[in-house]
Amino acid sequence: GAVVSQHPSWVICKSGTSVKIECRSLDFQATTMFWYRQFPKQSLMLMATSNEGSKATYEQGVEKDKFLINHASLTLSTLTVTSAHPEDSSFYICSARDRRAFYNEQFFGPGTRLTVL
Amino acid sequence: AQTVTQSQPEMSVQEAETVTLSCTYDTSESDYYLFWYKQPPSRQMILVIRQEAYKQQNATENRFSVNFQKAAKSFSLKISDSQLGDAAMYFCAYAGTASKLTFGTGTRLQVTL
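Same order as they appear, the protein sequences are chains A and B.
For the first sequence, counting from 1, position 65 maps to 65 in this note's numbering; every step adds exactly one.
For the second sequence, counting from 1, position 6 maps to 6 in this note's numbering; every step adds exactly one.
Calculated from the structure, these hints are not laboratory results.
As the structure is a computational prediction, the values presented were derived from the model and not from experiment.
Just to be clear, a hint being listed does not mean it is correct.
[As the list claims (entries may be wrong)] Only pairs whose alpha carbons sit at most 30 Å apart, straight line, appear in this in silico DSSO-like list of lysine-lysine: (1) B:Lys100 <-> B:Lys78; (2) A:Lys55 <-> A:Lys20; (3) A:Lys66 <-> A:Lys20; (4) B:Lys70 <-> B:Lys100; (5) A:Lys55 <-> A:Lys14; (6) A:Lys20 <-> B:Lys55; (7) A:Lys64 <-> A:Lys20; (8) A:Lys55 <-> B:Lys55; (9) A:Lys66 <-> A:Lys41; (10) B:Lys55 <-> B:Lys70; (11) B:Lys55 <-> B:Lys73; (12) A:Lys66 <-> B:Lys100; (13) A:Lys64 <-> A:Lys41; (14) B:Lys100 <-> B:Lys73; (15) B:Lys78 <-> A:Lys64; (16) A:Lys66 <-> A:Lys14; (17) B:Lys70 <-> A:Lys20; (18) A:Lys64 <-> A:Lys14; (19) B:Lys100 <-> A:Lys55; (20) A:Lys64 <-> B:Lys100; (21) A:Lys41 <-> A:Lys20.
[Stated by the list, open to error] Listed below are several chain B residues computed to face chain A (Cβ distance under 10 Å; list not exhaustive): (22) Ser30; (23) Tyr33; (24) Phe35; (25) Arg43; (26) Met45; (27) Ser99; (28) Thr105.
A virtual CB, placed ideally from N, CA and C, is assigned to each residue, including glycine.
So that you can see chain B by itself, here it is in the shape it has in the complex (with noise of 0.2 Å):
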């Protein structure tokens, strides 16, 4: 089975700052997708980026990128340039050839002025 752990509960960053949250991941699959949810106090779940595991380049999204070590089973986001609205529950998630995702325990943001 597929496990996702994210092993910071909480993070927090200023105004206009960089943060990179952590996420790693197990799987035997070789043929996968991972994401990066946000999930703001109103819980509706946002997808921020996706990353194709066949892809060696990076994903970029604006001021969201990742860095993808498929060797290590690593995704981890960077946040550049910070902004209050970006504080949230942020869950990295993985889906294999059975189209389940799978959450990590979540990374809850915050960020101060």
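For reference, chain A alone in the conformation it holds in the complex (with noise of 0.2 Å):
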């Protein structure tokens, strides 16, 4: 149990083009759901919290215009980059948090890399 997906696993776009991630929770009901950014060596990085219904909260220093995020239902949360760069080239995580959770354990998805051209 606790499955979480995320699709694509790796991608390559070329500069000034949009990619669309989408995290799937596959056996439970995510109310909310998380955003990480990951360099290579380096942390995760929080960018934003998606809760099912309602605007994303975002971190300080992400742009929400340019990290579009939509939590449309229990299960499947999306992480739009728009008008990509070079450097939003990294590996993206996400995480579900199930809703019965009683230890706020958060759920994670395998990543995607995106390497923008």
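Please assemble the complex out of the two chains, which come individually in their own frames, going by the hints.
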């Protein structure tokens, strides 16, 4: 149980295009999903918190117009990187919090590697 | 704001030996959770162990145990009988009332024969 998937696992795009990354909780309902960014050999940095049916809450310094987050259902959140540039190249990881979770535990997706040429 | 500090960028342990990874944190909250996550080369984050701050007893999961010192705000991870598969990045993480995870900078663990 508690499986989170991400699609695609890797994507290469041209500068100026938009890329959408999907995060799905496969066997549980997630009222809250989180999006992280991880640069090589660095830690995970929280970008935003996504709550089902409401607007995402972005961390300080994260451009909400560049990183569009939609949490349309209890099992799906999407991150769209708009007008991507090479500096947006990174590893993006989502996590989901099971609404039944007692320990505030988050279950992580396998990540998406984005390369912007 | 909460902070999590891992002062050991890299650690090495011989197979079958024991290693301890350090983690300290800073918070003004009284109710929170602490976690150790493992990130192997696949980059999939795997929960190793968790600790509720209100519990005095240290958490244990098979070969993994923690030393939780609430007053000192310390949360170290001990890996016993180290195995080659334990080689990975290990992240200490804090979750408070906001449910957001704050990660440390990570410790890369190498396991040698």
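So, going through the hints one by one against the coordinates:
no., hint, result
1, B:Lys100 <-> B:Lys78, "25 Å, holds"
2, A:Lys55 <-> A:Lys20, "17 Å, holds"
3, A:Lys66 <-> A:Lys20, "12 Å, holds"
4, B:Lys70 <-> B:Lys100, "20 Å, holds"
5, A:Lys55 <-> A:Lys14, "28 Å, holds"
6, A:Lys20 <-> B:Lys55, "41 Å, violated"
7, A:Lys64 <-> A:Lys20, "14 Å, holds"
8, A:Lys55 <-> B:Lys55, "35 Å, violated"
9, A:Lys66 <-> A:Lys41, "24 Å, holds"
10, B:Lys55 <-> B:Lys70, "10 Å, holds"
11, B:Lys55 <-> B:Lys73, "14 Å, holds"
12, A:Lys66 <-> B:Lys100, "22 Å, holds"
13, A:Lys64 <-> A:Lys41, "25 Å, holds"
14, B:Lys100 <-> B:Lys73, "18 Å, holds"
15, B:Lys78 <-> A:Lys64, "40 Å, violated"
16, A:Lys66 <-> A:Lys14, "15 Å, holds"
17, B:Lys70 <-> A:Lys20, "42 Å, violated"
18, A:Lys64 <-> A:Lys14, "21 Å, holds"
19, B:Lys100 <-> A:Lys55, "16 Å, holds"
20, A:Lys64 <-> B:Lys100, "18 Å, holds"
21, A:Lys41 <-> A:Lys20, "24 Å, holds"
22, Ser30, "15 Å, violated"
23, Tyr33, "5 Å, holds"
24, Phe35, "8 Å, holds"
25, Arg43, "5 Å, holds"
26, Met45, "4 Å, holds"
27, Ser99, "5 Å, holds"
28, Thr105, "5 Å, holds"
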